[in-house]
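Engineer: One letter stands for each residue in the lines below.
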Amino acid sequence: MTAASGLAAENSARLAPDWAAYLKDAALAALVAALLALPLMGLQTYDIGGGALGIRTHFDWVAIAAAAVFAGRLALRLWPRLHRRGDRRGDTAFARLAAWANRRLFAITLAGIALAVALPFLPFSSRYLIDLGTTVLIYVMLGWGLNVVVGLAGLLDLGYVAFYAVGAYTFALLARDFGFTFWEALPFSGLVAAGFGVILGFPVLRLRGDYLAIVTLGFGEIIRIVLLNWSPVTGGPNGISDIPRPSFLGLPFARSAPEGVTTFHQFFGLEFSPDQRVIFIYFVILTLALVTNLFTLRLRRLPIGRAWEALREDEVACRALGINPTNVKLSAFGIGAMLGGLAGCFFATRQGFISPESFAFTESATILAIVVLGGMGSQMGVVLAAILLVTLPEFGRAFAEFRMLIFGAAMVAIMVWRPRGLLAHREPSLRLGVRPSST
Amino acid sequence: MAYFLQQLINGLTLGSIYGLIAIGYTMVYGIIGMINFAHGEIYMIGAFISIIAFLVLGLAGISYVPLALALVLLTTMSFTAIYGWAVERVAYRPLRGSFRLAPLISAIGTSIFLQNYVQILQGARAKPMPPMVQGGFTVLESGGFAVHLSYLQLLIILTTLVLMAGFSTLIASTSLGRAQRACEQDMQMAALLGIDVDRVISTTFVIGAALAAVAGLMVTLYYGVVDFFIGFLAGVKAFTAAVLGGIGSLPGAVLGGVLIGLIEAFWSGYFSVEYKDVSVFVVLILVLVLRPTGLLGRPELEKV
Numbered sequence: 310m311t312a313a314s315g316l317a318a319e320n321s322a323r324l325a326p327d328w329a330a331y332l333k334d335a336a337l338a339a340l341v342a343a344l345l346a347l348p349l350m351g352l353q354t355y356d357i358g359g360g361a362l363g364i365r366t367h368f369d370w371v372a373i374a375a376a377a378v379f380a381g382r383l384a385l386r387l388w389p390r391l392h393r394r395g396d397r398r399g400d401t402a403f404a405r406l407a408a409w410a411n412r413r414l415f416a417i418t419l420a421g422i423a424l425a426v427a428l429p430f431l432p433f434s435s436r437y438l439i440d441l442g443t444t445v446l447i448y449v450m451l452g453w454g455l456n457v458v459v460g461l462a463g464l465l466d467l468g469y470v471a472f473y474a475v476g477a478y479t480f481a482l483l484a485r486d487f488g489f490t491f492w493e494a495l496p497f498s499g500l501v502a503a504g505f506g507v508i509l510g511f512p513v514l515r516l517r518g519d520y521l522a523i524v525t526l527g528f529g530e531i532i533r534i535v536l537l538n539w540s541p542v543t544g545g546p547n548g549i550s551d552i553p554r555p556s557f558l559g560l561p562f563a564r565s566a567p568e569g570v571t572t573f574h575q576f577f578g579l580e581f582s583p584d585q586r587v588i589f590i591y592f593v594i595l596t597l598a599l600v601t602n603l604f605t606l607r608l609r610r611l612p613i614g615r616a617w618e619a620l621r622e623d624e625v626a627c628r629a630l631g632i633n634p635t636n637v638k639l640s641a642f643g644i645g646a647m648l649g650g651l652a653g654c655f656f657a658t659r660q661g662f663i664s665p666e667s668f669a670f671t672e673s674a675t676i677l678a679i680v681v682l683g684g685m686g687s688q689m690g691v692v693l694a695a696i697l698l699v700t701l702p703e704f705g706r707a708f709a710e711f712r713m714l715i716f717g718a719a720m721v722a723i724m725v726w727r728p729r730g731l732l733a734h735r736e737p738s739l740r741l742g743v744r745p746s747s748t
Numbered sequence: 121m122a123y124f125l126q127q128l129i130n131g132l133t134l135g136s137i138y139g140l141i142a143i144g145y146t147m148v149y150g151i152i153g154m155i156n157f158a159h160g161e162i163y164m165i166g167a168f169i170s171i172i173a174f175l176v177l178g179l180a181g182i183s184y185v186p187l188a189l190a191l192v193l194l195t196t197m198s199f200t201a202i203y204g205w206a207v208e209r210v211a212y213r214p215l216r217g218s219f220r221l222a223p224l225i226s227a228i229g230t231s232i233f234l235q236n237y238v239q240i241l242q243g244a245r246a247k248p249m250p251p252m253v254q255g256g257f258t259v260l261e262s263g264g265f266a267v268h269l270s271y272l273q274l275l276i277i278l279t280t281l282v283l284m285a286g287f288s289t290l291i292a293s294t295s296l297g298r299a300q301r302a303c304e305q306d307m308q309m310a311a312l313l314g315i316d317v318d319r320v321i322s323t324t325f326v327i328g329a330a331l332a333a334v335a336g337l338m339v340t341l342y343y344g345v346v347d348f349f350i351g352f353l354a355g356v357k358a359f360t361a362a363v364l365g366g367i368g369s370l371p372g373a374v375l376g377g378v379l380i381g382l383i384e385a386f387w388s389g390y391f392s393v394e395y396k397d398v399s400v401f402v403v404l405i406l407v408l409v410l411r412p413t414g415l416l417g418r419p420e421l422e423k424v
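Chains as they are written, first to last, in our numbering: chain A, 310 to 748; chain B, 121 to 424.
One should not assume that every hint holds.
In silico contact screen, one side only, chain B against chain A (beta carbon under 10 Å); selected entries [what the hints assert, rightly or not]:
#, residue
1, 199
2, 205
3, 209
4, 218
5, 228
6, 236
7, 239
8, 249
9, 394
Computed spacing ranges between beta-carbons, pair by pair [said to hold, decoys possible]:
#, chain 1, residue 1, chain 2, residue 2, range
10, B, 306, A, 623, 16 to 24 Å
11, A, 405, B, 281, 56 to 64 Å
12, A, 435, B, 393, 46 to 54 Å
13, A, 628, B, 314, 31 to 39 Å
14, A, 337, B, 308, 23 to 31 Å
15, B, 243, A, 700, 45 to 53 Å
16, B, 218, A, 406, 51 to 59 Å
Read the hints as simulated data drawn from the structure, not as lab findings.
Keep in mind the model is a prediction, meaning the values are calculated, not measured.
For every residue, glycine included, the Cβ atom is placed at its ideal position computed from N, Cα and C.
Start from the sequences, fold in the hints, and give me the full structure.
Structural biologist: As structure tokens, this is what we get:
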């Protein structure tokens, strides 16, 4: 909310509500909503066979949409009156929650890690739950990787999935053509992805931020189109299958191993179970994600991390202080790309099969939504947003269908009401001298 | 030679459509300095509204083609314009003066929202559209290859030229155009001199959306098929056109659009169809690196 409208709300709170004006305003909003809904909601096209279209009317939906907008608009105008006290203190439930989470950061982190480690061994845990946990952790890792670029350095990357794809394909190709195992290929995946990031970033990062957004979007599409059409190498739309699974210090997870190789269950004298591999894969991504987190947290305290955040706040001032913006941005972009590549390598080994379909723009949008919803720069927020985004479709078909609709709307709503994210509680990374009492 | 001419005609047609969308990008960028990522979706919505309007007219029994076209053009432009207005009002206006990335992220959110909104309401399958404007004439025949110019292609190119001329006049010599140029130069000063800045910005979005709606209608007629995902690629290409022509410049947008259309047509005509989209992205990156101001743009001054 802007300062002017905030002031207006405060004034109107003291006076009696101007019902006539509110109702007129809400009625206007409802009229616009009805006009918006009329062609796309009210008239629905459907196939009638033979390549022709029929049309169905749903004017009841239009009426519902208009009524909802009327009520919503009215509520929005009355909201400051109903919540006078909270508004004056300038905090909301979310802000209090964020402040609380920030105070108890260490305890919450420990509890979260403990829960994540214990998850496969809890009594109610199942293969389905562990698989879901693995997916959540992939998104957490991608979110943390993108957070370096978007949250810390303030560069909008709309093609992050390209680096994820580069990492995945690097491992798949190394494994197919040179017989690399997961652990051998992991560093290469990161390096190749970082290389792509630097090559793309070098010419583009000296431009304005908006241009970077659209160039990265284009880059993501280029990678996807090349993967799709360069069939002799990438397998085209069929992708690459039979990607090797990770082994535990050289011990494979299999019922029976070829001559001279000890399997995991033989070495530890356990009964063979396919769940062992699922649990192991879960721990691999948990480790990778935690290392990513530790890495970025440490980087933030280094001069380079401070330079990222300074650059995000004011590029001109940074330049005046002798920071080379291009190099600093390039390092953030490259490190973000590397983390994406590592996650991609893990994704390939977990699926055992990759195809260009897994790396469409929707993936980039999903990862960006996780970072934005969680609060740019907030590590904890990313975890919560990833859990929400991945588990929501599991609650039912309706949620699965409306997931991206809700997240698109939520991205706008968050930018309008809580631009720093749902759980962002921003503290300066560095203070000079004594901590002032009033923040 | 004949093949070259045919690709030229195809490219010009495609380029006209990109140019119409690019005007929306360039005008919004000129006035509030942001890339309206949702503009491609506005174009997609225009295409859907036009297909629905055609169906409704068909049910109403209007079969005289010029009348149907004119009616569909009007309804599509007005309804899509409301979408453009609403997007600005809901997703961008509250963010004026927010931090740098906020409007961009809001725009992406809007884009995702609109895409899924149309997908859920109208279904994910491609919508077919029977050809409305048929026929054409042969321009040239040589070596057994006939160069064909359909009436529809002519219509698309002519409509773009007329709209382009109309809006150039609007910007150059009406009070709205003057207000727009004033806001472009200095929004605060314009507001002090009594220009309703909010209204000018809204009008810009409405005009941009109306032009995108025309492009959507043209594409529906030209390709005869529409789905909810067309806005993504068309948006990126039109944006590339705007950058190539020099962002903020109206003639530049159309010039850029035509160039992009030609590049795409010749690339798929002479090299490979699969990589035609890659060619456009490569042009985008090259222009940004070698000549960020574009062909007709002015260099951007950074004020502290």
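Engineer: Does each hint fit the structure? Answer for all of them.
Structural biologist: Now the hints, each set against the structure:
no.	hint	result
1	199	holds, 5 Å
2	205	holds, 8 Å
3	209	holds, 8 Å
4	218	holds, 6 Å
5	228	holds, 7 Å
6	236	holds, 4 Å
7	239	holds, 8 Å
8	249	holds, 8 Å
9	394	holds, 4 Å
10	306(B) to 623(A): 16 to 24 Å	holds, 22 Å
11	405(A) to 281(B): 56 to 64 Å	holds, 59 Å
12	435(A) to 393(B): 46 to 54 Å	holds, 47 Å
13	628(A) to 314(B): 31 to 39 Å	holds, 37 Å
14	337(A) to 308(B): 23 to 31 Å	holds, 28 Å
15	243(B) to 700(A): 45 to 53 Å	violated, 27 Å
16	218(B) to 406(A): 51 to 59 Å	violated, 22 Å
In summary, the structure is inconsistent with hints 15, 16 from the numbered list given earlier, while agreeing with the others.
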